[in-house]
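Q: From first to last, the protein sequence lines are chains D and H. For the first sequence, the numbering used here gives the first residue as 4, with consecutive numbering after it. For the second sequence, the numbering used here gives the first residue as 99, with consecutive numbering after it.
Hints listed in this document are in silico derivations from the structure and should not be mistaken for laboratory results. Keep in mind that the hints are not guaranteed to be accurate.
In the DSSO-like style, the derived pairs of lysine-lysine whose C-alpha atoms are separated by at most 27 Å in a straight line are [claimed, not checked]:
1) H/K146 <-> D/K64
2) D/K64 <-> D/K87
3) D/K318 <-> D/K181
4) H/K111 <-> D/K87
5) D/K10 <-> D/K33
6) D/K232 <-> D/K64
7) D/K33 <-> D/K64
8) D/K181 <-> D/K232
9) D/K10 <-> H/K228
10) D/K10 <-> H/K146
11) D/K87 <-> D/K232
12) H/K228 <-> H/K111
13) D/K64 <-> D/K10
14) D/K87 <-> D/K33
15) H/K228 <-> D/K33
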Amino acid sequence: MAAAPRKVPVEERLFSLVLALLATEQGLTKAEILSTVTGYAHRYASQADRANLERQFERDKEELRDLGVPLETLDAPGAEGDTKLQRYRIPPDRYQLPDDITFTPEEYALLRLAGQVWREGSLSADTRRALTKLQGLGVRIDDTVIGVAPRIRTRDDAHEPLQAAIDRGLQVTFPYLKPGVTVTEERLVSPLALVFHEGRWHLHGHDDGVDAPRTFLLRRIVGPVTTLKNPATRRTDPEVAARVLDELARLWQATTACVRPRPGSEADVVLRNRAGTEEAAGEPGGEAALVVRTTDLDILADELTAFGADVVVLKPPALRDAVLARWQRVVAAHG
Amino acid sequence: MAERAAALGAPDKLAFLLSLVPYLIDQVRVTVAEAAEHFGTTPEQMRKAVTLIAMSGTPGADGTYTHETLFDIDWDDFEERDIIRFRAAPMEERPRFSAREAAALLAGLQRVAALPSFAARVDILELMAKLARGASDAPVALAVRPGEQAGIHGMLVDAVAAGRRVRIDYVTTRGERQVRDVDPIRVEGIDDAWYLRGWCLTREAERTFLLDRVASVEVLGEAEAHTSEAADDALFQGDADDELVELALPVTALPLLADYRGADDTVRIDGDRAIVSLRIAHPGILGRVAARVAGAVEVLGPPSARSAVLDWARAAIAAQGTDPA
Numbered sequence: 004m005a006a007a008p009r010k011v012p013v014e015e016r017l018f019s020l021v022l023a024l025l026a027t028e029q030g031l032t033k034a035e036i037l038s039t040v041t042g043y044a045h046r047y048a049s050q051a052d053r054a055n056l057e058r059q060f061e062r063d064k065e066e067l068r069d070l071g072v073p074l075e076t077l078d079a080p081g082a083e084g085d086t087k088l089q090r091y092r093i094p095p096d097r098y099q100l101p102d103d104i105t106f107t108p109e110e111y112a113l114l115r116l117a118g119q120v121w122r123e124g125s126l127s128a129d130t131r132r133a134l135t136k137l138q139g140l141g142v143r144i145d146d147t148v149i150g151v152a153p154r155i156r157t158r159d160d161a162h163e164p165l166q167a168a169i170d171r172g173l174q175v176t177f178p179y180l181k182p183g184v185t186v187t188e189e190r191l192v193s194p195l196a197l198v199f200h201e202g203r204w205h206l207h208g209h210d211d212g213v214d215a216p217r218t219f220l221l222r223r224i225v226g227p228v229t230t231l232k233n234p235a236t237r238r239t240d241p242e243v244a245a246r247v248l249d250e251l252a253r254l255w256q257a258t259t260a261c262v263r264p265r266p267g268s269e270a271d272v273v274l275r276n277r278a279g280t281e282e283a284a285g286e287p288g289g290e291a292a293l294v295v296r297t298t299d300l301d302i303l304a305d306e307l308t309a310f311g312a313d314v315v316v317l318k319p320p321a322l323r324d325a326v327l328a329r330w331q332r333v334v335a336a337h338g
Numbered sequence: 099m100a101e102r103a104a105a106l107g108a109p110d111k112l113a114f115l116l117s118l119v120p121y122l123i124d125q126v127r128v129t130v131a132e133a134a135e136h137f138g139t140t141p142e143q144m145r146k147a148v149t150l151i152a153m154s155g156t157p158g159a160d161g162t163y164t165h166e167t168l169f170d171i172d173w174d175d176f177e178e179r180d181i182i183r184f185r186a187a188p189m190e191e192r193p194r195f196s197a198r199e200a201a202a203l204l205a206g207l208q209r210v211a212a213l214p215s216f217a218a219r220v221d222i223l224e225l226m227a228k229l230a231r232g233a234s235d236a237p238v239a240l241a242v243r244p245g246e247q248a249g250i251h252g253m254l255v256d257a258v259a260a261g262r263r264v265r266i267d268y269v270t271t272r273g274e275r276q277v278r279d280v281d282p283i284r285v286e287g288i289d290d291a292w293y294l295r296g297w298c299l300t301r302e303a304e305r306t307f308l309l310d311r312v313a314s315v316e317v318l319g320e321a322e323a324h325t326s327e328a329a330d331d332a333l334f335q336g337d338a339d340d341e342l343v344e345l346a347l348p349v350t351a352l353p354l355l356a357d358y359r360g361a362d363d364t365v366r367i368d369g370d371r372a373i374v375s376l377r378i379a380h381p382g383i384l385g386r387v388a389a390r391v392a393g394a395v396e397v398l399g400p401p402s403a404r405s406a407v408l409d410w411a412r413a414a415i416a417a418q419g420t421d422p423a
């Protein structure tokens with residue numbers, strides 16, 4: 004026997020695993036992998052280590068999948084599902100970036116800016132790895148494309164678990180505080196897409212409790228997201244996020260309210276700067292009224308309530324009532 | 099940058115190794131310093147990575163490693179001249195993006211593409227299609243649609259670029275209208291909000307202005323150059339003059355207060371109620387806090403704050419009265 008084996012770093016074991024699986028055409032069985040690949044092989048001789056090694060291999064497979072390395076499992080003929088005889092390989096054509104995909108220095112600079120949008124959480128980590136892969140293409144950056152990208156925060160606690168659940172196609176439950184109500188409800192949802200609209204993160208999914216599609220505000224998921232073992236009842240698809248954004252945009256265009264801010268007040272300045280605001284035509288009384296847009300009148304009610312006496316809510320009546328009710332609750336709590 | 103400071107885990111290191119191999123093969127011959135600079139890493143890290151790769155290989159048919167299945171580099175060049183040159187490589191593929199990696203970049207692009215200054219130079223749709231095609235699976239459902247920017251945004255961006263002093267008509271969080279002369283330092287976007295960071299000549303201090311609160315902008319003469327002293331995240335400094343107010347609200351509603359919480363706040367949990375101490379600038383903000391939670395917030399004290407909130411809500415109700423329901 005040689006001297007005590009050196010400790011092999013994780014990345015070296017994973018790198019060796021990718022090399023081995025990429026090089027094999029007919030695939031390698033688990034036993035072949037564990038007995039020959041650097042990082043496993045020196046522990047394979049010991050029977051006691053064998054079970055640990057197998058668990059290690061299962062985790063490593065997940066790591067590779069997370070990195071976008073396609074793993075193929077081939078059943079031995081006549082022994083379908085027998086994991087001992089299964090062979091593993093990485094098909095080079097699915098691993099390799101197609102040859103015709105190249106990026107110009109300008110495109111690369113723009114992608115680097117796109118990466119700056121995320122500064123935290125798994126989106127930032129995903130971006131960092133994507134940019135490393137782009138660096139591997141050897142493109143030089145066009146440094147005449149300069150600037151600082153605006154950033155989007157992903158600080159809602161629900162963000163990471165929901166993204167992971169969408170990724171893995173699993174159902175989730177979470178406590179939700181619907182806009183306009185004070186009591187939370189536990190929701191059972193098959194999550195399909197995360198979209199950022201009007202400065203807020205939304206989850207779109209199939210609400211399995213009421214068996215209908217629903218869109219939730221992440222900010223109003225007020226407790227932990229629990230990921231279940233059940234597969235989601237609906238599959239996500241690459242178009243769903245764009246479709247939800249289009250629906251939100253249509254809703255936003257169609258849902259209007261008419262309000263009269265006190266001229267020169269904070270409400271006046273902020274509401275006029277708000278995207279989509281227009282002067283209301285021909286209001287009686289001559290004072291300027293504004294048409295403002297929203298995707299949800301209850302969310303708008305929260306925003307308008309904040310302006311207090313600086314805003315008069317003209318219509319729709321439901322919004323007027325919702326805002327009055329909020330102020331009355333404040334009075335009731337402090338009177 | 100913050101991302102550089104974060105400790106890189108095994109997935110990052112593996113992505114680096116897998117990306118480094120095709121790069122080094124493409125370059126044919128490259129110095130350690132140049133390769134390190136290209137990947138934004140240190141020469142020591144680069145030497146370590148190259149050594150790791152050079153010692154790796156694939157097991158041959160009989161499970162042993164032979165010279166045909168191993169990476170091989172010119173060790174003399176590497177050790178004596180700090181030059182990387184491969185003599186043999188069992189792998190040269192450029193890795194695809196994972197579905198999540200592609201999704202993160204695509205969503206970031208949707209944000210950046212809305213900025214006219216960046217978008218004009220590249221065919222964004224073509225770039226997005228390329229990214230999606232370069233992913234090993236369909237990108238995960240994630241999308242971003244930024245809001246429109248008000249005209250003052252463009253004026254201020256131009257003022258920063260041209261080094262112009264601006265006079266802004268601004269409404270403070272206390273609801274006061276003020277005219278401020280500002281030498282702009284930068285315009286920053288966070289979520290869908292935009293901020294002007296600048297040297298305020300009126301206050302003789304660096305200040306941040308929320309663009310939503312700017313009623314109008316007038317471009318004055320040339321600005322003096324100032325470098326920002328504040329960190330990215332320190333957009334607003336807490337004001338020690340603000341009153342410390344105690345609030346009660348349901349524990350479940352606590353996350354909705356995130357925007358108003360500061361470093362020196364305290365939270366006490368009492369059953370299903372949370373008691374929070376916050377620094378609050380004026381009763382309007384308290385009203386805003388109460389509105390966030392649809393009236394489930396109660397101001398416990400001091401008594402002056404309690405009665406101010408009551409008056410604030412009563413005045414709001416009264417203001418609605420004269421109009422038709």
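Q: Hint by hint, note whether the structure agrees.
A: Here is what the structure says about each hint:
no.: 1; hint: H/K146 <-> D/K64; verdict: holds (25 Å)
no.: 2; hint: D/K64 <-> D/K87; verdict: holds (16 Å)
no.: 3; hint: D/K318 <-> D/K181; verdict: holds (22 Å)
no.: 4; hint: H/K111 <-> D/K87; verdict: violated (30 Å)
no.: 5; hint: D/K10 <-> D/K33; verdict: holds (21 Å)
no.: 6; hint: D/K232 <-> D/K64; verdict: holds (19 Å)
no.: 7; hint: D/K33 <-> D/K64; verdict: holds (11 Å)
no.: 8; hint: D/K181 <-> D/K232; verdict: holds (26 Å)
no.: 9; hint: D/K10 <-> H/K228; verdict: violated (40 Å)
no.: 10; hint: D/K10 <-> H/K146; verdict: holds (15 Å)
no.: 11; hint: D/K87 <-> D/K232; verdict: holds (26 Å)
no.: 12; hint: H/K228 <-> H/K111; verdict: holds (25 Å)
no.: 13; hint: D/K64 <-> D/K10; verdict: holds (20 Å)
no.: 14; hint: D/K87 <-> D/K33; verdict: holds (7 Å)
no.: 15; hint: H/K228 <-> D/K33; verdict: violated (35 Å)
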